[in-house]
Amino acid sequence: MLTSNDSIKIRIKLVAGMAVICFCLLAVKLYQVQIERHEELYEKAKKQYTAVKTTHGKRGEIFDIQGNLLVGNIPCTDIIVDPQITGDEPVCGKAARIFVNHLDMTYAEVYSRLSQKFRIRKLADGKTEKVKNRFVVIANNVPFQQAEELKKVVKVNNLKGIVFTDTYRRFYPKSTLLSNILGFTTPDQGKDVPVIGVEKTFDKQMESSDATERFERARDGIPLSYGLQEADKVKNGFNIYLTINEPLQSILEEELDSLVVKWRPKAAYAVMVDPKTGNVMAIAQRPSFNPNDRTSMSPDNWRIRITEDVFEPGSTMKPMAISGALDYGIITPNTMFNCENGSWTYAGKVLRDSHRIGTVPAYEVVQKSSNIGTAKIAIMMGEQRLHLVLRKFGFGASTGIPVTPETKGIFRPLNKWDALSISRFPIGQGIGVSPIQLVRAYCALADNGKLRKIRLVDRVENTETGVVIKKSIEEPFQVFNNPATPEKIVSMMSLVTKKGGTATAAAIPGFNVAGKTGTSQKFINGQYSHANFFSSFIGFVPAENPSFVLLVTVDEPRGSYYGGAVAAPYFKNIALRALRYLDVKPDPKLLEEAEKEKNSKNTDIPQRD
Amino acid sequence: MNIQARSIKLNKSRKKNNTRQTIGSKFGIVFRMIIVMAFVFGIATLRISIDQWATAEDREADKLVKQIAQLDREIENCKLKKEKLSSWPNIKDRIQKFNLALRMPEPFQVQNLTVNYDPAGKEKTSGERKTAMLSQR
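First to last, the sequence lines map onto chains A and B.
Its first residue numbered 4, the first sequence is counted upward by one per residue in the numbering used here.
Its first residue numbered 79, the second sequence is counted upward by one per residue in the numbering used here.
Chain B with its partners taken away, still in its complex shape (with noise of 0.2 Å):
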């Protein structure tokens, strides 16, 4: 009998001690795999996070690359509307239509500016040399 009442004292002793064991383990690990989870949900939402403001930063460069676009081809709408109204029959029309008492200069009133605004000082081709006509009346 008493080696049964020892056994059964044995056991429940032993059955204590691997409660205690399991619990702590179990904490253990289910803390682990709250840490795991949290570093993955972590990542997880940081590459979220990052995607989003990826995704904004986008937008906004979207916008702004359509607004380039836009203004380019604003300028080149403006700069055809220069040479149309820069052309001599525009001018010649204007002339006439203000009534600008307007002649050609002598040869003799005009003289020549050459005006260099290359600070580079490179060969100049035609098309940038830029004289400025002085009359003189």
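Bound conformation, chain A alone (with noise of 0.2 Å):
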């Protein structure tokens, strides 16, 4: 029999057994989770405590010289759902017209979105399982006013699992102003992937990083203070100031688009550019694009055709191939030219003027644009000399603009070089340039023959450190050997806007404007056409001291073709808007001279090349 002591006894044997029992078990579980398993439910929790967060550095942004923006950053918001959170039919068609109020978008796009529950997903073998969603994008890039009253809108309502991912979209608060420079990025997998102009090649410098930050957080989100926390820096781009003059650059756009009405070309292009430094001030071409409108956009219309394009300059063609023969000594401006009364045969081809001249010096060659006077001029240099100047003044070689494609033009070496070629080259047939070319000899001209390499860039600015990085003016090459020559081409390129030359249109009273007009006949199907022409004026003013030089190209104007009527015009009105501007001083001697020429009534000749 049992005694009560030993009944006693045996029940806490039996309790203390199963406790430690229970007390191995337990031992055996705190193995197994503490040492076997450890890595495996550290991971686990540390991802239920641990946040990672994404913060985006902000591109570059382009300003022009003066610190205007050219091109941004603009907030925006990507509105996110997680269906399973989102709530039954009711609450999802509730959120549906309330996206539809402030969004762009229907009704049943919006629903089918929020109440995408589940999605298919393709295994590795080929099938398929249904999982369920827990991501849908309802609109990206929405508008920061937009998604702003979007979020007061779904916190009233209580709306859930709705998430606002703040972004920044690239913005072009000027659209169309300098759209071709500029170029443009296209948005990829959240990143701005650039495709042309500035925004291409200076992506290294504008380009910026994101930045990862781990943190432990508590139940609400936030970070705890203690916690561990692990961050990235993030690297917002450089800015790229550029040396445009934005007003300038109004002006010049303004003006090129009357010539599109007026004249309804194929294209068009302007280009001003300081030949004391080789700073582009203003730059455009016709067609062009908004880059903040995709739907807008075309090849045809953004690529940059004042650097990618080629074009028989035509008579602009002709000042450096005189100077050059200025600075050799081997005419002056008084040397006589029989111009053949405007047809000459050289070579067994007949070269002809477009007016008829007699005898006349060489600044009336240069005056009245004869070919047949150039040409003799030329046939006088011989063709090494000619092919050294037209070397000197860039043709056949880069501009220096950081802008990608750039043309070298098509001038022949030496060697390749036909009888007609030194005829032909003078007066600008046969050698093709892109406008920018053009416009960096003309510099020269203008700059008692420095010659420059053209800057589109002036300082970069590192956003962080406030560093700003000076673009340096390289020190220019010298064309001409004798230093009277400047004055005496640029004298005789004064007279092109005065009475009896080619460009009285061009002329703007108070200022001495030295330039030259040409037009040029294009070269289709191995012949030379009498239906398409390119018609340019290029010059600079005030000629003793350019403030700029300013090309106006036409490409296929309809109604008329001479550089003289179609160009011409234009470049007065843009010159004389960018020296109000520039606040250039017309000079009044100059101002009386003009004002008596209005009053008489003197005819010139009609504007021709």
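Treat the hints with care, as some may be off.
[To be verified] In silico lysine-lysine, DSSO-like type, Cα no more than 27 Å apart, as pairs:
no.	chain 1	residue 1	chain 2	residue 2
1	B	LYS141	A	LYS236
2	B	LYS170	A	LYS155
3	B	LYS160	A	LYS155
4	A	LYS194	A	LYS56
5	A	LYS395	A	LYS265
6	B	LYS141	A	LYS163
7	B	LYS170	A	LYS158
8	A	LYS265	B	LYS170
9	A	LYS155	B	LYS157
If you are wondering where the hints come from, they were derived from the structure by calculation, not from laboratory data.
Reconstruct the complex from the two isolated chains, following the hints.
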């Protein structure tokens, strides 16, 4: 018989035994959890209380020389939903109605996205499986104001599972202004991928990098100060300051637009460069595009014709050849030339002038744009010298403008010249130049023969340190050997816009305008077309101390084709407004002369090449 | 017997002494334990309250960071809006819309005032140079 004491002892032993067993089981479990599955469970727990936040860096902005913003980053929002949390059908319907009121989307479109609780996933073996859908994009790049309003409405209506992610989008506040040179980017997986223009050339400097921040978070998601924190540093891109002057750019584009309206050409370009620095002050082309509106974009509109396209410069080439002859001392401005009354045969081919001229001094050859006179001057120089002079002016070489692609033009090496070359190259036939090459050569004429590289970027700013790196102006190359040559050629070119010249329409009262018209036939299917022309005027003002060199080229104008009639008036309009903006005062004497001339009823020769 | 009686007496008196000592020492231990526990409790409470305070501060800081980020975005948006509105095509449209009889000043009506706004007098970049144009009519 067991006494009560024995029974108690047994029960105590049983309980103790069970406790020991439990303790042992607990120890085993503890071993499993703490030792065997430590890594797995630790990672699992860590995932729950560790949050990862990605901060996007801002791509560098583009400004003009005065700090006016040309390209920026506009804040916008991506709207993402978790259909597992959004709720049942009536809630999804309510949410869809709210979205439709604020976004440019249909009800069906939004509702289908909100209620898409499952999706089909393809497995590696080709089979499919149904998985829970936890990430659906409702809309990307929703404008800031719109997104803010929507956020408030979502909060008021207590809609769940909707996440607003703050992002930035590339934005061009001046729309079409300078669009061809600025280029554009295209969004690809949250990154801005540059396509063309400054955006592409300076992508390395402007690109940003994202930063990832890992932190231990509280239940409501905020970072715990005493927890683990790891963060990369976000890198914002550098800002680029162009040499462009926005007000001048606006003037140039406005006038180019009115030119397009009047002459309805296939294309038109205008370039304004400061000859003393090589700084591009304004540059535009038509057709163009609005980088904010992707629907209007086509490669034909966004390619950079000013650096990419080649055209025969026609008579605008003459001052370069003639200045070479002046520099070698082969001719003086008063050397007489027989211009053969408009028709002359050389190397078995007839060369014609647009108007008949007899024997005239060299300055009149420039003023009246005689092809025959210029060819004779070039023949006096000889092939080697002519080749060297044109090379010195930068033809057949890149201009230094930091925009790709850039053509070097078509300029045959000396050993490939034929008998006709010497009579045709100096009048701009058989030679191909880009508009920017032509402007660069004229900058050398305007700045005492100093050939400079074309500058488009003035400075680069590190947005984090504030350090500004100024792009240096390189030493120019001296084209002329004789210091008297620039003055002679400039005075000859000034006659072009005076009474008896081919471009009186480019004359500006109170200023000496030096320039040259150009009308070149297009070379189509192996022969020169009589219907398709390039009409140009290029010049600088004031001739004695130029503020800028300006080129206006019209590709296939309709109605007329002479450079003096088509391009010269727009040169005048742009130059006049630009001079006023730059506050370049007119010469009172010249102003008085212009007034007198206006009052007298003298007639000029027709505006021709 | 006497011896027994004596020894009993002795035992009794010893027991009484031991009990007194045990209670005293036990109370001392308990007291010390209470102090230690109170200290531990105090430290723990302090730590919890510091953590709570830190969390509250974090929450506040996070709120401020979010507000700053929001303001930054608003500023960015306003900056771009301003740039858009101050572009020449927009100004031209407004001039036409409101039929403003504006015209360019004649060259001799313009005087330049250079405004030096940098007190440190450091070299200015062209972007910093501001010129006020005063047109006299």
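Need the list of violated hint numbers for this structure, in ascending order. 2, 5, 7
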